[in-house]
Amino acid sequence: MTAVALSERLRALVAEQLSLPVEEVGLDLDFEAFGLDSVEKVELLARIEDAFDVVVAPADAVHLATLDDVVRYLALRRA
Amino acid sequence: MQLGGEVEELYFGAACARGPRSVCFYAPRQPEPLAVDYLALLERARGAAAALGERLSPGEPYLLLAENDLDTVVAFLGGLLCGALPAPLSPPLGLGGLEAWNERVRALAADLSCRVVVGRPEHLALLEGPLGRVPCDAFPLSAPPSPLSAAGLSHVQLTSGSTGRSKGVRIAHRNLAANLFHIGWASDVTDADRVVSWLPLYHDMGLVGVLLFSLYWNLDLVLLSPVDFLARPVRWLEAIHRHRGSLSPAPSFAYPYVAHRLRGRTPSVDLSSWRIAYCGAEPIQREAVQRFVDALAPCGLSPGTILPCYGLAEATLAVTFAPWGRGLRAAAVSRQALGEGTVAPALGPEDGQELVLLGAPLPEIELELRDAEGRPADAGRTGEVWLRGPTVTPGYLGEGPEADAAGWLRTGDLGCWVEEELALIGRCKDLLIVRGRNHAPVTLEWAAEGVEGVRPGSAAAFSCYDAASGTEAPIVACEVAENESDWSRGAIGRQVEEAVLRRTHLRPREVLLLDPGAIPKTTSGKIQRSRVRELYLSGRLGGEQR
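Order-wise, the sequence lines are chains Y and P. For the first sequence, this note's numbering begins at 12 and goes up steadily by one. For the second sequence, this note's numbering begins at 3 and goes up steadily by one.
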């Protein structure tokens, strides 16, 4: 999967999870600044793990502050 | 096995006398659990106590990064056996948030005067700052018995303050001895009972209601990770099915949450063994919990299983229990009368407000409703809940006792008696007082959240002085998607106003539609209403007005 395709798929997933139109989900979306509470952050991580078939160690997850971070992390894992 | 002093007797006496039961830990993503019996747990805890006792003085608190695993339980019990006070808190969870988590740890350590953090090496590695780090995976596996008496403190329970700053409630062994006994008594517990839970061990319902309760009564315990529950809620039901769980508690939000995530599917599980689903920790919305009951009736869940309860960490855990086996029961009281501080039957469906009945106080707990001046409220009137008894805790860390000289604790919760049971209206300081009448914010918030386009769980209701009318006026703030068009925002705003008016007979003076994330919440997701009001008054609450 190309990086672009990965980004698009991730944006669509996050948009669906947060009940937002996908145009509003930029790669610079910062989870903390966006106001996700701990339940939403855990749920979102679980959905990303399921959709991309990865397991993200907690010590790595905590550094993934924006969608862009997640894209780069996933791209590296799949390389 | 020989037990040492009173602390070992209190938590491991039943296991010793009757043959130890076990705790099964389900690690995230591991299908098979790890089972450890309670006397093996005691051995490990003694080893941890020896190591912790070298770093900490008796009575000294330490932060414990708590997951629902063996190492955490051993590191917690080890504290009890050496007299140091574990203060469990959550490690970083989910995506991002490292900076905010470190800030929280720093503030806690300062407020509670903790020098040391105990946790898994991978979590300790994320810590910044000069706190001492003690990895919980390197304790000796055993040590001699602990001689400690049970006259002192057990641990510290962190509560999320409404201003965002946590306080540490000191819990004493005598508080636990009383509450654990009475919870079991009120639950009609037998040794055929099996506890199943995903509740995090850093919340009092999980720590006291699940872990210490199971140890005290020597009941088999199945512990899931809260992360696994949130990722796939049906795991909770599957564990109850697999292990024939009979007792399982949850905060009241969890029940409609599970119903929502099931999305109309009926899981293939048999829940007929589940005899008590404790439901508490926050105001109970009857129809929300009912959705759970209805969704799982085909799985053998009896409606009588739901047990509404009321409690708070400052009184250890449980204060009132509805009678077990009765299920959810609400009374329709007069909204008008309630606004004036009286309890009366509803005059008709338009006037009805539902209050879930929370039962009577547990034995030895005295409960009084008092007015704002601290005098007993007249019969038939609402009042603040005051408590006295062996479960009232010694106070917050760093402060004197919260209870007054006669032992009475003021809870800050507003309640009333309905059909001789306690019903809760809300936190006293969150009440909207409009034209001299009291209104619980949740009634306005639940109405707003029913409107499509409003983000679930994001509504906050408060009141502000309105110069034009010379009285307080209600304001409702909630979050909607950022790029809702002006037209649909207008429609959503009108619908919120109508929904609130219909439900509560209050017309909001303003309905604020804010961008996602604008409503401040605590780390456990609770809305900080006083902070919302503060931001509004200083003009810093983002978004546009309707």
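Please keep in mind that the hints were generated in silico from the structure rather than gathered at the bench. Each residue gets a CB set at the ideal place from its N, CA and C atoms; glycine is no exception. Do not rely on the hints blindly, as some may be mistaken.
[Said to hold, decoys possible] Which stretches of chain P does chain Y cover? Using the computed rule of at least three CB atoms under 8 Å from a CB of chain Y, they are:
| # | region |
| --- | --- |
| 1 | 49-61 |
| 2 | 92-103 |
| 3 | 129-141 |
[Unchecked claim] Below, a sample of chain Y positions facing chain P; criterion: calculated Cβ distance under 10 Å:
| # | residue |
| --- | --- |
| 4 | A23 |
| 5 | L24 |
| 6 | L47 |
To see whether the hints hold, each was checked on the structure:
1. 49-61: The restraint on the region 49-61 of chain P is violated, since only 0 of its residues have a Cβ under 8 Å from chain Y and three are required.
2. 92-103: With 12 residues in contact (Cβ-Cβ under 8 Å with chain Y), the coverage given for the region 92-103 of chain P holds.
3. 129-141: violated (count 0)
4. A23: 15 Å, violated
5. L24: 13 Å, violated
6. L47: 7 Å, holds
Checked against the numbered hints above, the structure breaks hints 1, 3, 4 and 5 and satisfies the rest.
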